[in-house]
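Engineer: Each chain, written out:
Number of protein chains: 2
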Amino acid sequence: MSSPHLAVIGGGQLARMMQQAAIGLGIRIRLLAEGDDASAAQVIADKIVGDYTDLDILREVVADCPVVTFDHEHVPPAHLQTLEAEGHACRPGPAALVYAQDKGLMRTKLATLGVPQPDFSLFDPVVDPNGVQNFADRVGGYPFVLKTTRGGYDGKGVWFIYKESDAAAALASGRILLAEAKVPFVRELSALVARSASGEVAAYPIAESVQKDGMCHEVVSPAPDLDPALAKEAQQLAINIAEQLGVTGILAVELFETPDRRIVVNELAMRPHNTGHWSIDGAVTSQFENHLRAVLGMPLGSTSPHRSWAVMVNILGGVVDDLESRRALVMAQDCEVKIHLYGKNVKPGRKVGHVTVCGDDFDDVVARARRAARLFVEGDTHE
Amino acid sequence: MSSPHLAVIGGGQLARMMQQAAIGLGIRIRLLAEGDDASAAQVIADKIVGDYTDLDILREVVADCPVVTFDHEHVPPAHLQTLEAEGHACRPGPAALVYAQDKGLMRTKLATLGVPQPDFSLFDPVVDPNGVQNFADRVGGYPFVLKTTRGGYDGKGVWFIYKESDAAAALASGRILLAEAKVPFVRELSALVARSASGEVAAYPIAESVQKDGMCHEVVSPAPDLDPALAKEAQQLAINIAEQLGVTGILAVELFETPDRRIVVNELAMRPHNTGHWSIDGAVTSQFENHLRAVLGMPLGSTSPHRSWAVMVNILGGVVDDLESRRALVMAQDCEVKIHLYGKNVKPGRKVGHVTVCGDDFDDVVARARRAARLFVEGDTHE
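Going down the list, the sequences are from chains A and B. Per numbering that gives the first Met the number 0, the very first residue in the first sequence carries number 0; after that it's consecutive. Per numbering that gives the first Met the number 0, the very first residue in the second sequence carries number 0; after that it's consecutive.
Chain A extracted, bound-state conformation:
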């Protein structure tokens, strides 16, 4: 086989969907996957199975790859610094990625940039046992949110604190904790931008994201009835953050929209993001193609949508564990539904795929996307 152009660390569905874009562009990916049957390992020929925390494995994977990118944010920063020192361009690089890896560093950095975000406090419960009470006093009581600064995702490592005793599990985690004031919000938005190694930036339309049990569940692009000035402000905010943090690739900025129509930063992700999956079927250039273009220093593609609305709904593991038996039913129900299955075993609540419907009638598009996902998840053929 010829040398790869790009190493991708992590064999999840994001790497799998990068491969669809890579095939078109003629980009050869070498994958580091956690198992031979991982989602992306099923569809990438040039792969190594191993542990991304093992520096020797990482070195083997990137050996003849000039550029390295990621399916997830969990590679130890010290390893990335070593790979960079050894001549491999990590994109995003460790200096940027740390702000997606550590929520405490992210909050502290965004504060210096003057980015709108919740009031917060960082403390180590071992040396600061009154951290919870002190934060409650400062923000005027409960409720608020405690998060571990590292390693949490999809609702894991997050605790909602309605009274002091709710903090017990968080304190028992033995981890540095981030306390965040609970932001009253009317909905969640996502600002997705690509930033190329050349510095070029491209912003996708601002999407609305509906969470369920702490996980992204449904995304509507563009966010309905969003004030155009606020949409512009959110895009510019994401571009500024990408530039200030030196992000290369896709940056997703998860936002709260407050009742008084302001935006507040919730989370950052430096990789293709669930809130951008609609772009595979709904935009001229998907977030996966633009991520590849960005990390390889290529010019970015148009983020224009094909139709007025794109609605994506996740397929979570549910009652039905045989997705393939449902696939034909979903196809038969609606010939315009775009189906994405990740090749993963079904477990309750696990993201195993998504569906997207694009069109010009909002109510119709939303109803059809939900109906298709419901058929996958619940196996329910009734309306």
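Watch out, some of these pointers could steer you wrong.
It does not matter which identical chain is meant; a pair holds if it fits inside one copy or across any two.
Subject to a maximum C-alpha distance of 25 Å in a straight line, what follows is the list of computed SDA-like cross-link-like pairs (lysine to any residue) [stated by the list, open to error]:
hint : residue 1 : residue 2
1    : Lys346    : Val263
2    : Lys108    : Asp136
3    : Lys231    : Glu207
4    : Lys343    : Val209
5    : Lys108    : Gly150
6    : Lys343    : Val144
7    : Lys343    : Pro298
These aren't lab readings, by the way, just hints derived from the structure by calculation.
Knowing the structure of chain A, use the given hints to seat chain B on it.
Structural biologist: Coordinates of chain B only, in the frame set by chain A:
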């Protein structure tokens, strides 16, 4: 690895583009490729390298695959019959595929179906040395066309006969020959349909195809200024042929449009076809996804286009042999161009990729698609 759902015989760009669609649908492909670095072998993990004329290799590839499909039409029909007898569903099956493999059988069969096609004659020059003269007498002289009945493609195995002596090379081929009257035509059209194993059919818009040196070069979908009644007739003709020949998968019917606005069948192909590549970026469901759905007996997807026009131009091997060095230039020139590189070494005249532009302004879309392809082929950055 889990068992594959589908075996694909042949590692060319059609199998490569099938894989993009298969990733989305969660369909696992096992590939038989002619080399480990063949176009599709680069992007399919589960693959065997071997010779598709070797029955034992075919048996190894399809062993745990219920369904078999094809990147090309060259697998010996007897082998396909054996695989079918051994319980593997070949789609399209040998009884249909023979009409794409043998132009003589195709003409004879279409004649029995009353399909409009050129006057023709089949003869073996060894036993019928006057075959050329007899055909010339019958159709009123020259010019006409001689073709080998098997093995020709992209202009190979085709001779234009302007006088009797032009037939020498064809006669010397030692092959059964098909003589076809030359059809006066104003342009070439393509009618592309998918037919599922269930019998369901779906037709794409009729496209116009511009040939260059006997190869498809540029495709515009839909064909500009085509009489809607003739478009409907062409779609219905392709559906009828698919049904009458028992085709499963994509059927491409290449047509001549005559000066008096009739359609005449030129060639058939029973696989995704160059004239349908525009559908990857320009339609709700690409021809590759519908081919997979069809051969696996799934309901078909919508063939609706995203925009008013889609224009595809092939990238043929030319002056520039480093496509990757051109890729970023093409991207920089036009952020809406969709690039498809096949991972093949550049040889003069070889199809190594294609570009597609979609939009609503016909002249603009045509000009931009041509400009992008020219930059790839000629390395010319000037207008």
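Engineer: Can you give me the call for Lys346 and Val263, within, between, both or neither, at a CA distance of at most 25 Å?
Structural biologist: neither (33 Å within a copy, 55 Å between copies)
Engineer: With identical chains, the pair Lys231 and Glu207 could be close in the same copy or across copies; at 25 Å between alpha carbons, which is it: within, between, both, or neither?
Structural biologist: within (14 Å within a copy, 41 Å between copies)
Engineer: From the Cα coordinates, with 25 Å as the cut-off, is the pair Lys343 and Val144 best called within, between, both, or neither?
Structural biologist: For Lys343 and Val144, the Cα distance exceeds 25 Å both inside one copy (32 Å) and across copies (54 Å).
Engineer: Cα distance capped at 25 Å. Does Lys108 pair with Asp136 within a copy, between copies, both, or neither?
Structural biologist: This pair counts as within: shortest intra-copy Cα distance 24 Å, inter-copy 87 Å.
Engineer: Within a copy, between copies, both or neither: which one fits Lys343 and Pro298 at a CA-CA cutoff of 25 Å?
Structural biologist: between (33 Å within a copy, 23 Å between copies)
Engineer: Can you tell me if Lys343 and Val209 fall within 25 Å by alpha carbon in one copy, between copies, both or neither?
Structural biologist: Within one copy only: 23 Å inside a chain, 43 Å across chains, cut-off 25 Å.
Engineer: Is it within, between, both or neither when you check Lys108 against Gly150 at 25 Å Cα-Cα?
Structural biologist: For Lys108 and Gly150, the Cα distance is within 25 Å only inside one copy (19 Å; across copies 66 Å).
Checked against the numbered hints given earlier, the structure breaks hints 1, 6 and satisfies all the rest.
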